[in-house]
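Chains as they are written, first to last, in this note's numbering: chain V, 1 to 399; chain A, 400 to 770; chain Y, 771 to 944; chain F, 945 to 1119.
Hints may contain errors.
[Unchecked claim] The calculated label-pair distances, taken between Cβ atoms and stated as ranges, are: (1) Y/921 to A/414: 34 to 40 angstroms; (2) Y/921 to F/976: 40 to 46 angstroms; (3) V/82 to F/986: 23 to 29 angstroms.
[What the hints assert, rightly or not] Pairs of lysine-lysine, DSSO-like flavour, derived with a Cα cap of 27 angstroms: (4) A/532 to A/724; (5) F/974 to V/387; (6) A/427 to A/744; (7) A/484 to V/89; (8) A/532 to V/381; (9) A/640 to A/677; (10) F/1015 to A/532; (11) F/1086 to F/1028; (12) F/1023 to F/954; (13) F/1091 to A/484; (14) F/1015 to A/697; (15) V/381 to A/677; (16) F/954 to A/449; (17) V/387 to A/677; (18) F/983 to A/536; (19) V/336 to A/677; (20) F/1086 to A/536; (21) A/593 to A/677; (22) A/532 to A/744; (23) A/724 to F/1023; (24) F/954 to A/593; (25) A/724 to F/954; (26) F/1028 to F/974; (27) F/974 to V/79.
If you're looking for bench data, these hints aren't it; they were derived computationally from the structure. All of these numbers come straight from a predicted model, not from anything done at the bench. Beta carbons are placed, not taken as given, at the ideal position from N, Cα and C, and that holds for glycine.
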Amino acid sequence: MENFAIHIHESYLYGLPLSVVNLIVMFGAAFVVLLGFVAPFAGLLSFIERRIAARIQCRIGPNRVGPQGLLQFLADGVKSLFKEDLIPKVADKPLFIIAPYLVFLGMFTSFVVLPFSSQWIVADLNVGILYLFATAAITVVGLVMAGWGSGSKWSMLGGMRSAAQIISYEIPTGLAALTAILLAGSLSLQEIIAAQGPHPWQWYFFDNPFTFIAFFILFVALVAEGNRAPFDLPEAETELVSGYNTEYSGMRFLFFFFAEWAHLYVLGAILTTLFLGGWQVPESLLASVGAESIAARILELVFFQLKIYVLVFLVVQLRWTVPRVRMDQMMDMCWKYLVPIGFFCVAGVAIWMMLFPDGVSFVKYLLIAFSSAMVLYYFYKVYRNFKDSRAELELNPFV
Amino acid sequence: MGIQTEEMMLNMGPQHPSTHGVIRFVVKSDGEVMTEAVPDVGYLHRSIEKIGEICEYNGFMPYTDRADYLSAMNANQGYAMVVEKLLGLEIPERAEYLRVIAAELNRIISHILSLGAVAMDIGAATPFVLALKEREKVNDLMEALCGQRLTYSYVRIGGVSYDMPPGFIERSLKFLADFEPFMDEFENLVPENKIFIERTAGVGVITREDAIAYNLVGPNLRASGVDWDLRRDMTYSVYPKLQFEVPVGVGSQGVVGDSFDRFIVRIKEIKQSISLLKQCFAQIPEGDFLGEIPRVMKPAVGECYVRTESSRGDMGYYLISDGSKNAFRVRIRTGSFTSMSIIEKISRGMMLADLVTFIASLDVVAPEIDR
Amino acid sequence: MLDSLQPLVFGMLALIIFISAAFITFSRNLIYSAFALLGSFTGVAGLFAMLGADFLAVVQLLVYIGGIMVLYLFAVLMTSGIGDVRLTNRSIAVKIALPLALVLFFSLGKLIFETEWFAQQTVKIAPTTAAIGDLLLTKYLLPFELVSVLLLSTLIGSVALARQELRNSKENHD
Amino acid sequence: MSSGYFNNIKEATVSLFNGFAITLSNMFRKPVTLQYPDKTPRSVTDLMPERSRSWLKVEMPICTACLNCEKACPIDCIKITTEKDPSGRVMSGFDIDMAKCMYCGLCTEPCPTGAIHFIPEFERASFSLDQMISRFVPEGEKVVPYKVPKKDKDEEKNSAKEEAEDKAAEAEPDA
């Protein structure tokens, strides 16, 4: 990028100091990445979510705009752009305007440290995982700001709820992530992935019973942090109308949704990185395309994406399966269940590491066997449910 | 403590996603916990009762649909019964069966929508859509039967407007056969869910005494442990010929009379309705569907009150005749209206989210409150 | 590239800190002051990052924005009628604050001008996390443990307070 | 206490598991959506049941101008104007304001010939309320009402629409 900046400087902008050109190039790159990569990504996730929700509810979902409705999010986005930008009279105007950008900022800065492949990462920070959690903090401020700035009591309640929720759930998130950090001995995402392997028995998910539990804690805690159902209390539409985004319309409203779906992706990425081996691809497969080639990187990217999408699918399915919890129950769940179990897991992993520095393969295989059995049983139940319902089979996802 | 907190006055409704139409609640809350919620009704008042005085007797039938649009058949039936009583009409047995079939089908879809709405208000969107999916199937049946999907106005004074279309019994039985597994699945998906249990069990408990004192009716009353069903205890139409049980709240997950009980009682009532329908289809005799009716309906001077068990409970029609073609007075007594009265008492000290659950579990329908 | 950018980035960060600090102090609206803390904290975190203290920078974000600032916001928002309050720092205790600020200003200025500044070779940014961890568990174990005891007592204290309030409100209701 | 704690976790997990199994099985089911208006299996009017009360239509050739429907309508949305003509009684207007109509079907029942009846057609949205008024007698024209021949009653019934048959039969004893 530096060469590019120098090139730009020499060819077009030689009147300006190099540092300014550098800055412009950096912002330009960020702009391109945001618009060209992250935004379509969030949009695509919204499409996926809508289609999954539709099929869960025996509907079809958006299928008119573009091939199979794939461009629906673009249509929605353009529509939002043309919508009247309403600012309520009683709203605190500056805060009302800034809030969506803060939420947006908080969510999208986290993309900086996501390891898409062994080399494709914007910044491999030494404190990557902490950075991910820290960016969530900016989102909280944005949500509270939106809640207050709207000048509506429902929004305010939503903002307060979201703040209480995200702050509380940062603790189990941190604790559960700590188990993987302990095992890897590093806060850098790339190093955590490198410490694992491509095969399931090398993942931290199956490393020992404590990480196994920690994975689920992290899953729940991250779902809660992203304000996703069943923890979508800040925007609980049946209680708070629409929570902190009640008064928003048009593009500002869209920003909140961008952030929500971007978080969905980040959630998958964090879980994949910490527990599911990230972008790791089996050696033999990697060798067949050449370990240093672009194809290998793409392969890694594909593996990483696949794992993320499985998790995203689960989160989406979770949203359309369960009811919303109540505020006090959510706090109960955090402080009475997730936090103690999280502490138990951290202590357990530490002791496990002391007792068995090299891990116990027997336990790993047992956990894998258990999980496989559960998955098989799950699919059996799905089959039974399907049979009982006497419905027609339709496997094509694009009807 | 020295910290003074100020009560926040929240205006919940008339446009709020969970007030099911246009009801307004004036909520005083201290953060998440409410100190009181006062219902404010009347936003959907359309003077239906007054319209009844300017319509002819038959002409008021479509308006009863609008009184309770979610169980229009039951509302139709009640009105037809009160006019028939005034006129002293005997109606053919086949018509009675047809009315009961329609009413029970309507009870199923009214309840299933209510169940879906409770789940929706608690935050699960899928059960609501699945419930609507089943509701649509019944709507198809209803459309085949009487030509309309929501405001049926199927029942006529002296009988019903149409006989069953050909193949209706087979279609209905096929629907019921598919519907039973759906109900099992629905039970598995919603009331057995831990979060759902936590959200509804012990929430909005209406004790037996309160339920009677505040004149709750129908499923809400039965959920509080009062074994009272007009179809059995003040029987009408062909119900004495049919076998059915009256489900009562038992407090399986919390206390008797909580929101969970109201949910479960509705599920059980749906199952009873299925069995009722099957019996009706087996027993229905041949014959006329519309009896001999006078060309001009002029009942003798007098008054009459008829109670029927609608989806939302005791629905009463009070009619005064002055001997002319129009009724002198029409009054409708509905279950939703009495349900509203108890909200203020029960909601004290409740959480905001629980108020939503509570209102949904009472299954109030705004037009039925206001008429 | 970073080298050429450094003065620029520093300038921007300093500007952010300065502006938001000024906002905190002079804003007529208490809520704006609270929200302006965000800029100040982020700027400081940026400075830490520039100095190569990546761990500290992220912790600054996590703790100060995620924790302390949100708590401030809570306190501010929970106070009744906060939207109408037009109380600012300017109107409180100017007589005491002004001399204090002046004293601070001059002593700091004196310090800045009298210190012999030397340019240090830019250190290569190295991970500090491991070193911090080691130090915390060896040299600074006692303060570390003391802080944890303090936090624990705070936690217990807050629970006790909350329970008492709950009991009071229950009594009131009954 | 402690057993309740773990019981809660267990119940939550099991019910979540069951719920997931149901929602996933739903994904394999055929969607029930009917893609109105362009992707329906048959034309939309064919999908409507025969009795569908969607739009009122009057078969003017068999209308007897008996005004029964006008009297039966609870909201007076039917307006029939008759005039004395040298040839006898003629209809100079038969307007139905479909914007007012509440589709109760009460008007179709007393019709002696089944001239007024519902058709399963509903795509009649319009931009103004005026367009919602169906005028069965064109302006300025006059329609001579149909007279039911005394003897050929049975044949007449056959020629009337099938749907109207019942009603005609119903109304016969009164007529």
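Now the hints, each set against the structure:
no.	hint	result
1	Y/921 to A/414: 34 to 40 angstroms	violated (46 angstroms)
2	Y/921 to F/976: 40 to 46 angstroms	violated (56 angstroms)
3	V/82 to F/986: 23 to 29 angstroms	violated (37 angstroms)
4	A/532 to A/724	violated (42 angstroms)
5	F/974 to V/387	holds (13 angstroms)
6	A/427 to A/744	holds (13 angstroms)
7	A/484 to V/89	violated (58 angstroms)
8	A/532 to V/381	holds (22 angstroms)
9	A/640 to A/677	holds (13 angstroms)
10	F/1015 to A/532	violated (39 angstroms)
11	F/1086 to F/1028	holds (11 angstroms)
12	F/1023 to F/954	violated (69 angstroms)
13	F/1091 to A/484	violated (38 angstroms)
14	F/1015 to A/697	holds (16 angstroms)
15	V/381 to A/677	violated (30 angstroms)
16	F/954 to A/449	violated (57 angstroms)
17	V/387 to A/677	holds (24 angstroms)
18	F/983 to A/536	holds (20 angstroms)
19	V/336 to A/677	violated (49 angstroms)
20	F/1086 to A/536	violated (45 angstroms)
21	A/593 to A/677	violated (33 angstroms)
22	A/532 to A/744	violated (35 angstroms)
23	A/724 to F/1023	holds (21 angstroms)
24	F/954 to A/593	holds (10 angstroms)
25	A/724 to F/954	violated (66 angstroms)
26	F/1028 to F/974	violated (62 angstroms)
27	F/974 to V/79	violated (31 angstroms)
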